[in-house]
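Protein chains in written order, with this note's numbering: chain A, 2 to 159; chain B, 28 to 834; chain C, 189 to 309.
Check the hints yourself; a few may be wrong.
Stated by the list, open to error - In the DSS-like style, the derived pairs of lysine-lysine whose C-alpha atoms are separated by at most 30 angstroms in a straight line are:
1) B/Lys494 to A/Lys9
2) B/Lys230 to B/Lys272
3) C/Lys284 to B/Lys370
4) B/Lys250 to C/Lys217
5) B/Lys452 to C/Lys217
6) C/Lys267 to B/Lys265
7) B/Lys496 to C/Lys251
8) A/Lys16 to B/Lys249
9) B/Lys496 to C/Lys201
10) B/Lys370 to A/Lys18
11) B/Lys264 to C/Lys267
12) B/Lys496 to B/Lys465
13) C/Lys267 to B/Lys370
14) B/Lys53 to A/Lys18
15) A/Lys45 to B/Lys370
16) B/Lys424 to A/Lys18
17) B/Lys139 to A/Lys9
18) B/Lys496 to C/Lys284
19) C/Lys201 to B/Lys494
20) B/Lys110 to A/Lys9
21) C/Lys217 to B/Lys494
22) C/Lys218 to B/Lys496
23) C/Lys217 to B/Lys249
24) C/Lys218 to B/Lys494
25) B/Lys264 to A/Lys16
26) B/Lys344 to C/Lys217
27) B/Lys807 to A/Lys16
28) C/Lys206 to B/Lys452
29) A/Lys16 to B/Lys424
As the list claims (entries may be wrong) - Covered, in the sense of this in silico footprint (three residues per stretch, anywhere, with C-beta under 8 angstroms from a C-beta of chain B), are these stretches of chain A:
30) 5 to 14
31) 20 to 27
32) 115 to 127
Think of the hints as simulated: they come from the structure by calculation, not from any bench. On a predicted model such as this, the values are computed, not experimentally measured, just so you know. Here a beta-carbon is modelled for each residue, glycine too, at the ideal position from N, C-alpha and C.
Spelled out, the chains give:
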Amino acid sequence: MSNEDVPKELEELIKEKVLFCYQCGACVGSCPTSRVISEYNPRKIMEKLILGHWEEVLSGKLIWLCTLCHTCYEVCPQGVGISHIIVVLRNLAAQRRSAPAEFLLSAKQLASTGWTSPITSAVQRYRKELGLPEVKNPETGELIRILESTKLKQLLEG
Amino acid sequence: MTDEPRIGVYVCHCGLNIAATVDCEKVAKEAARIPNVVVSKDYRYMCADPGQEMIRQDIKDFKLDRVVVASCSPRMHEPTFRKCVESAGLNPYLYEMANIRELCSWCHAHYKAEATDKSIDLVKMAVAKAKYLSPLNVIKVPVTRAALVIGGGVAGIHAALDLADMGFKVYLVERTPSIGGKMAQLDKTFPTLDCSICILGPKMVDVARHPNIELLSYAEVKKVEGYIGNFKVTVTKKPRYVIEKDCNGCGECSNACPVEVPNEFDENLGFRKAIYVPFPQAVPMKFTIDMDACIECYNCIEACKEQGRDAINFDQKEEERELDIGTIVVACGYDLFDASQVKAYGFGIYDNVFTALELERMTNASGPTQGQVIRFSDRQTPRSAAIITCVGSRDEKTNIWCSGFCCMYTLKNALLLREHYPDMKIHVLFMDLRAPFKGYEEFYRRAREEGITFLRGRPTEIYEDPKTKNLLISMENLSTGEPMDLETDIVVLSPAAVPTAGSEELARLLTVSRDASGFFMEAHPKLKPIDSATDGIFFCGAAQGPKDIPYSVSQGSAAASRAGRIMARGEWEIEPIVAFVDAEKCRNTKVKCGICTTKCPYGAIATEEKKAAIVNTAKCHGCGTCAADCPSNAITQRNFSDAQILAQIDAALEEKPEEKIIGFLCNWCSYGAADLAGTSRFEYPPNMRIVRVMCSGRVDRDFVFEAFRKGAAMVMVSGCRFGDCHYISGNYNAEKRITPLLTMLPRFGISAERLRLEWFSAAEAGFYVNLVKDMVETMKKIGSEKIKVENENARPFLERLLAQSGG
Amino acid sequence: MSWNVIGRGDISKRDLEKRTVMQRRLLVKKYEMELDRDTCIGCGICADICPKEAIKYQPAEFKGMRALSRPSIDFDQEKCVLCGECVSMCPMHALKMRIEQAERVPVIEMNVFALATRKRW
């Protein structure tokens, strides 16, 4: 059980959605991550939240493995909406400085260049060889404003 | 009404149900201070013997001529206490009830002080009404000793047989060409694996042979009028185009028919001809022509003539029969959920996905495959099968309820497969396995003994191998916690049980309610599971909710018992809360009026030229619409008179009216929903003061005016949803009458949102709770200061309106 | 993967390049009716004869005196009962009916003629 209080946002979400989970496993059957990584099991994550082990969930790596394919959201018979909950959990974890370094790196790359993966000179060369136009860096002004208003930019800098 | 009534008030603790929240002693003490209250007590259990004895003794000792009990809902114990005061020599209609449990203690658990204040108000209201009560005598009506059973499935068959054996005439109406229902389609029944039609067949024949049962097959109920003991039912017999008395069921016509269409009895797996009987054991054994399929080649007529008969008549018309009925039993069963709605499981898309009923038609020896289970794709025997439970059940996207018997029929289907195919690999994929009754758990053990594999997990998706047409099920195996794929030759889906087609229309015809799931709603889920809220109409079998065969049979007999109880004595007492006209006030004597006649949904009021209107008490159902619409205030509804209702409004608003909402709730729907909210322990703020009326149609504009005149914060008028009114059109009349006030009141300075007109059903407790919360929020947003000012400004207008109508 | 749900026992209609195929698949029996659109001249006899009025005659499209398309017919699979009247009357033998792969026409086998059609005339 946790030592500190449940974050309000998470508590409400658990009360409104997660408590209805009756552990049927429909979310796991077609989960692409589950198939490849045996420790990842969205049903077990829901169970941990029901039992109050939310700290373990927020500080762990598992919530970052979801591909957000939303199959679980579509099939859940109790309307729990697992993939949406995963997103909330990620945000809470990031606020608590629990996000994996790789994710933060991707995010920082996005914030500075507008790409999540870098366009290297090698890539530009291959494109020229194939007769493809050169890739121009996108306008990041609007993107930065979005990242600011969602507080992600501050998180990345702090 | 006496000038100085002597009123006894009794406040019930109901154990801790009321006493845990409401200070009953305080309520009793406050009640003692009301003028004309000569005795006021509180007690643990008023409905128990000592409580009732206390009332009886007090009536004698204190010479009481009115009794008020503050306890549970009148829908619960009003009859109990009426009988109690009657046994002490007091007229049973000199009794009034305050509902401080369902409407108060049960829904205001965290508002203890306010709940006590509300209880005091409710008692004041009941006392105020009690002052105006008059002695009334029950009306005795004769009871027709004939019952109508709607639906010829196993429940309806048992109800009909029991009633017929009791000596009553029974009309059994079945809309398909044969009785038998779903049970006739099954192969075997759980947990005994009895052959279904073998045990049902003899009962069907009993129905056909019983001298007291008239079987009206291929017929539907068109119209229902009247009241308990005196229903007039119009039944339409659809044309079979076959003369029943001449047809002997030889089948030569069918042999000669060129048209083959899918056979509904075989779940469209096999075929039938355009002229057909649904199955070989059909009762009655008469052919029927499906005109959608028939090409009118008349080959059947020739074939019949060759047999020496002339039983086919293409000119046959629909026939209407009017029946005199005393009681009605609704046994119209259920439908299976359409599994194609769950696209992920591929029913109707992949060849080899079947439903449980399709599987039963296959394993059935008289089915389309003579007992062989074969795949659709290649007609080969499958070597493996996977049965999936809860298809369309326990699912927010389709149906939220558990259908109760599917786990059991899943086990049965697994055992049927094993019986036919000892080497087949059989998997049952389930979330929970529900096997609650006699022999059911043992049946589950037997399935495991037969080597059927049970995998706990709800399948996510099913894929089809395009070459083999085998199915691949992806799911999590909950026992190992690992996702897995299961390849299988066929998949059998166990679909939910849903309300049968036509339920909505039937409910409207009978003016009965359906619950949130769409099944017919019983009067009380625990104590009156067979009665509908409408006197004289009963439910049995799957029509009232999904259930298995023994439960359906039990309910069939129960319905026969409930109906028999009414028909046994040949007469029944109905409540005398009917309308009567004060001939001296009636306008029709001077100018042509007749508004009451046009408004009455039962045609119970006659207005002859230049004469005062007269109410036929036997036809009056007591909605009160006439009383509210009469322009001369000449009509009174007994037990719900203007004086009684206005007295309740005044009593409720004696103190701090600007914090109170007066609600006029109709007995059948709105009050039922409010009771259900209390029974379900939903919490909401305690500002409502409910005035119970039988129908929203009773709500006079004067009641709304009086409430605002006395300073109410808000007024709510509510009734059944349109089309569902217990008195057919009461809610329409209420809407016509009250809606103009939404524009009228703002002209006097009262904000429009302070009057609410709402329509909801007895099952919608959640709706009611949200409504109250919303109204209290609106009330707080407007603020008590503004409310007081608005009321002050409106007062002169309201007083003028009230004076005009003589109210 | 086709996501079209076909109701059990319903007739499915497929318009292929040169033919239209109407098929009813029951678990134990398959019925098929095929129209060869090249052979069909659009005379409309089948549309007149169908006792369930399940065949619609579509006249040719003209631009002045030039025909842009041939007259043709279309089936309503919800009304058709696969009786075979149309097959029996087609003068061009453009319609074929097969039950379980064998060419069979129910109304010819039972030697009947639909009165419903006679009534319309």
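Here is how each hint holds up against the structure:
1. Annotation: proposed proximity of lysine 494 of chain B to lysine 9 of chain A is violated, straight-line Cα distance about 53 angstroms (limit 30 angstroms).
2. Under the criterion of a C-alpha separation no larger than 30 angstroms, the hint pairing lysine 230 of chain B with lysine 272 of chain B is consistent with the structure, at around 22 angstroms.
3. Note on lysine 284 of chain C and lysine 370 of chain B: the hinted pairing is violated, with a Cα-Cα distance of about 34 angstroms set against a maximum of 30 angstroms.
4. For the hint linking lysine 250 of chain B to lysine 217 of chain C, the alpha-carbon distance of about 42 angstroms lies beyond 30 angstroms, and the restraint is violated.
5. For the proposed pair lysine 452 of chain B and lysine 217 of chain C, the alpha carbon gap of about 27 angstroms is at most 30 angstroms, so the pair holds.
6. Distance restraint check for lysine 267 of chain C and lysine 265 of chain B: the Cα-Cα separation of roughly 21 angstroms lies within the 30 angstroms cut-off, and the hinted pair is therefore satisfied.
7. Straight-line distance between C-alpha atoms of lysine 496 of chain B and lysine 251 of chain C comes to about 49 angstroms, which puts the hinted pair past the 30 angstroms bound.
8. Only pairs whose Cα atoms come within 30 angstroms are accepted, and lysine 16 of chain A paired with lysine 249 of chain B is rejected, the gap being roughly 48 angstroms.
9. Distance restraint check for lysine 496 of chain B and lysine 201 of chain C: the Cα-Cα separation of roughly 21 angstroms lies within the 30 angstroms cut-off, and the hinted pair is therefore satisfied.
10. Distance check on the hinted pair: lysine 370 of chain B and lysine 18 of chain A sit about 24 angstroms apart at the alpha-carbon level, within 30 angstroms; holds.
11. Using a Cα cut-off of 30 angstroms, the hinted pair lysine 264 of chain B and lysine 267 of chain C holds, with the two alpha carbons roughly 25 angstroms apart.
12. Proximity of lysine 496 of chain B to lysine 465 of chain B is assessed by CA-CA distance (about 40 angstroms); at most 30 angstroms being required, the pair is judged violated.
13. Proximity of lysine 267 of chain C to lysine 370 of chain B is assessed by CA-CA distance (about 27 angstroms); at most 30 angstroms being required, the pair is judged to hold.
14. As the CA atoms of lysine 53 of chain B and lysine 18 of chain A are separated by approximately 42 angstroms, the hinted pair breaks the 30 angstroms bound.
15. Between lysine 45 of chain A and lysine 370 of chain B the CA atoms are separated by roughly 26 angstroms; this keeps the pair inside 30 angstroms, and the hint holds.
16. Distance check on the hinted pair: lysine 424 of chain B and lysine 18 of chain A sit about 15 angstroms apart at the alpha-carbon level, within 30 angstroms; holds.
17. For the suggested pair lysine 139 of chain B and lysine 9 of chain A, the alpha carbons sit about 28 angstroms apart, so the restraint of at most 30 angstroms is met.
18. Our distance criterion of 30 angstroms between C-alpha atoms is met by lysine 496 of chain B and lysine 284 of chain C, whose separation comes to about 28 angstroms.
19. The hinted pair formed by lysine 201 of chain C and lysine 494 of chain B meets the criterion: a straight-line CA distance of about 23 angstroms does not exceed 30 angstroms.
20. Taking the CA atoms of lysine 110 of chain B and lysine 9 of chain A, the gap is about 55 angstroms. The hint is violated against a cut of 30 angstroms.
21. Pair hint lysine 217 of chain C plus lysine 494 of chain B holds up; C-alpha atoms about 21 angstroms apart against a cutoff of 30 angstroms.
22. Restraint check for lysine 218 of chain C and lysine 496 of chain B: satisfied, since their Cα atoms lie roughly 18 angstroms apart, inside the 30 angstroms limit.
23. Under the criterion of a C-alpha separation no larger than 30 angstroms, the hint pairing lysine 217 of chain C with lysine 249 of chain B is inconsistent with the structure, at around 38 angstroms.
24. Under the criterion of a C-alpha separation no larger than 30 angstroms, the hint pairing lysine 218 of chain C with lysine 494 of chain B is consistent with the structure, at around 20 angstroms.
25. For the given pair, lysine 264 of chain B sits about 54 angstroms from lysine 16 of chain A by alpha-carbon distance, which is inconsistent with the 30 angstroms threshold.
26. The suggested pairing of lysine 344 of chain B with lysine 217 of chain C is violated, with an alpha-carbon distance near 34 angstroms, which exceeds 30 angstroms.
27. Note on lysine 807 of chain B and lysine 16 of chain A: the hinted pairing holds, with a Cα-Cα distance of about 27 angstroms set against a maximum of 30 angstroms.
28. With a C-alpha separation of about 45 angstroms, the suggested pair lysine 206 of chain C and lysine 452 of chain B falls outside the 30 angstroms cut-off, and the hint is violated.
29. For the given pair, lysine 16 of chain A sits about 20 angstroms from lysine 424 of chain B by alpha-carbon distance, which is consistent with the 30 angstroms threshold.
30. Requiring three or more residues with a Cβ within less than 8 angstroms of a Cβ of chain B, the coverage given for the stretch 5 to 14 of chain A is violated, as only 0 such residues are present.
31. Check on the stretch 20 to 27 of chain A: 5 of its residues sit with their Cβ under 8 angstroms from a Cβ of chain B, so the three-residue criterion for coverage holds.
32. Using a Cβ-Cβ cut-off of 8 angstroms, 0 residues of the stretch 115 to 127 of chain A lie near chain B, which falls short of the minimum of three, so the contact claim is violated.
Of the numbered hints given earlier, the model fails hints 1, 3, 4, 7, 8, 12, 14, 20, 23, 25, 26, 28, 30 and 32; all others are met.
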